[in-house]
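Enquirer: These are the residues of each chain, in order.
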Amino acid sequence: MTSLNIFLPRILDINSKACYTIDTTLNKMINTIFEREKFMEKEEILERNKNSSSANGDERELLISGRANIVSKGVVTVAIILLIVFKNSKGLNTDDLWGIFFVYCSSEAFYKYYFLKQKSILFFAIIFALAATYALGAFLFPYLGIKL
Amino acid sequence: MIDTLILQNRLKVARAEKKMSQGDLAKIVDVSRQTISSIETNQYCPSAKLALVICVALDKTFEELFYFE
Numbered sequence: 364m365t366s367l368n369i370f371l372p373r374i375l376d377i378n379s380k381a382c383y384t385i386d387t388t389l390n391k392m393i394n395t396i397f398e399r400e401k402f403m404e405k406e407e408i409l410e411r412n413k414n415s416s417s418a419n420g421d422e423r424e425l426l427i428s429g430r431a432n433i434v435s436k437g438v439v440t441v442a443i444i445l446l447i448v449f450k451n452s453k454g455l456n457t458d459d460l461w462g463i464f465f466v467y468c469s470s471e472a473f474y475k476y477y478f479l480k481q482k483s484i485l486f487f488a489i490i491f492a493l494a495a496t497y498a499l500g501a502f503l504f505p506y507l508g509i510k511l
Numbered sequence: 149m150i151d152t153l154i155l156q157n158r159l160k161v162a163r164a165e166k167k168m169s170q171g172d173l174a175k176i177v178d179v180s181r182q183t184i185s186s187i188e189t190n191q192y193c194p195s196a197k198l199a200l201v202i203c204v205a206l207d208k209t210f211e212e213l214f215y216f217e
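Chains as they are written, first to last, in my numbering: chain A, 364 to 511; chain B, 149 to 217.
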């Protein structure tokens, strides 16, 4: 655009007034094109926002849902630990509860790793997955008639 | 005492200038009325996208609506 400003009057060096008019008109046209590319109209922004918001939902509600998940995770963890303590005190098998707990932890860690790509998270995800496999296997194998 | 950076806004004033209710603005920017109310009372800090959409809806620049305190 700048180069056009500099060279156009020189190329059309017939009449300076005519050159100025052509140059100004051309620049106006170019500016209009660029402005349209840079900025959307208000109505277009609001319309497109409605389309994207409808797909994703209210962002504050999503935030609250995320926080609710954190709270529920804490409550479920406490409940599982209490049940494990209770079953242990009664001499019952607690592998099923450990299995559920480790499946929960490993799935969360794998999800985090998928987005955060931190090796420490992957390490814990694998450890939890192995622990879950062991605990669920230890619980299910006797019912399936498999001896380890 | 720890000084924290808080994003304040003049949303209520700007909305009043446009003679819009919270419900009207919520409908335009496609969020719930409670979300608009939470932003006005600084209980919720909107995302950059929502903040800019609100600015567009109220014909204000970002700096006119939002500021740090």
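Don't read these hints as lab results, they were simulated from the structure. Be aware that one or more of the hints could be misleading.
[As the list claims (entries may be wrong)] Heads up, simulated DSSO-like pairs for lysine-lysine below, C-alpha to C-alpha not over 27 Å straight-line:
| id | chain 1 | residue 1 | chain 2 | residue 2 |
| --- | --- | --- | --- | --- |
| 1 | A | K480 | A | K436 |
| 2 | B | K160 | B | K175 |
| 3 | A | K436 | A | K475 |
| 4 | B | K208 | B | K166 |
| 5 | B | K167 | B | K208 |
| 6 | B | K166 | A | K475 |
| 7 | B | K160 | A | K510 |
| 8 | A | K405 | B | K167 |
| 9 | A | K450 | A | K405 |
| 10 | A | K405 | B | K160 |
| 11 | A | K405 | B | K197 |
| 12 | A | K405 | B | K166 |
| 13 | A | K475 | B | K197 |
| 14 | B | K166 | A | K482 |
| 15 | A | K480 | B | K175 |
| 16 | B | K175 | A | K413 |
| 17 | A | K413 | B | K208 |
| 18 | B | K208 | A | K405 |
| 19 | A | K436 | B | K160 |
| 20 | B | K197 | A | K413 |
[To be verified] Computed beta-carbon distance windows for the label pairs:
| id | chain 1 | residue 1 | chain 2 | residue 2 | range |
| --- | --- | --- | --- | --- | --- |
| 21 | B | L155 | A | I509 | 55 to 63 Å |
| 22 | A | S415 | B | Q156 | 25 to 33 Å |
| 23 | A | S435 | B | C193 | 20 to 28 Å |
Cβ coordinates follow ideal geometry from the N, Cα and C atoms, glycine included.
Enquirer: Confirm or reject each hint.
Expert: Results for each hint:
1. A:K480 with A:K436: Holds, at about 22 Å.
2. B:K160 with B:K175: The given pair, whose Cα atoms are some 16 Å apart, holds under the 27 Å limit.
3. A:K436 with A:K475: holds, 15 Å
4. B:K208 with B:K166: Holds: K208 (chain B) and K166 (chain B) sit about 11 Å apart, inside 27 Å.
5. B:K167 with B:K208: holds, 14 Å
6. B:K166 with A:K475: violated, 43 Å
7. B:K160 with A:K510: Given that 27 Å is the threshold and the Cα spacing comes to 69 Å, the pair is violated.
8. A:K405 with B:K167: holds, 18 Å
9. A:K450 with A:K405: Cα-Cα ~62 Å, so violated.
10. A:K405 with B:K160: The given pair, whose Cα atoms are some 20 Å apart, holds under the 27 Å limit.
11. A:K405 with B:K197: holds, 14 Å
12. A:K405 with B:K166: Between K405 (chain A) and K166 (chain B) the Cα gap is close to 15 Å, so the pair holds against 27 Å.
13. A:K475 with B:K197: It holds: about 24 Å lies between the C-alpha atoms, which stays within 27 Å.
14. B:K166 with A:K482: With Cα atoms ~51 Å apart, K166 (chain B) and K482 (chain A) exceed 27 Å; violated.
15. A:K480 with B:K175: Measuring from Cα to Cα gives roughly 38 Å; hence the hint is violated.
16. B:K175 with A:K413: holds, 9 Å
17. A:K413 with B:K208: holds, 19 Å
18. B:K208 with A:K405: holds, 11 Å
19. A:K436 with B:K160: violated, 37 Å
20. B:K197 with A:K413: The given pair, whose Cα atoms are some 12 Å apart, holds under the 27 Å limit.
21. B:L155 with A:I509: 55 to 63 Å: With a Cβ separation near 59 Å, L155 (chain B) and I509 (chain A) satisfy 55 to 63 Å, so the hint holds.
22. A:S415 with B:Q156: 25 to 33 Å: At roughly 27 Å between Cβ atoms, Q156 (chain B) and S415 (chain A) fall inside 25 to 33 Å, so the hint holds.
23. A:S435 with B:C193: 20 to 28 Å: The hint (20 to 28 Å, Cβ to Cβ) holds, given that S435 (chain A) and C193 (chain B) are roughly 24 Å apart.
Consistency with the previously given hints fails for numbers 6, 7, 9, 14, 15, 19, ordered from lowest to highest.
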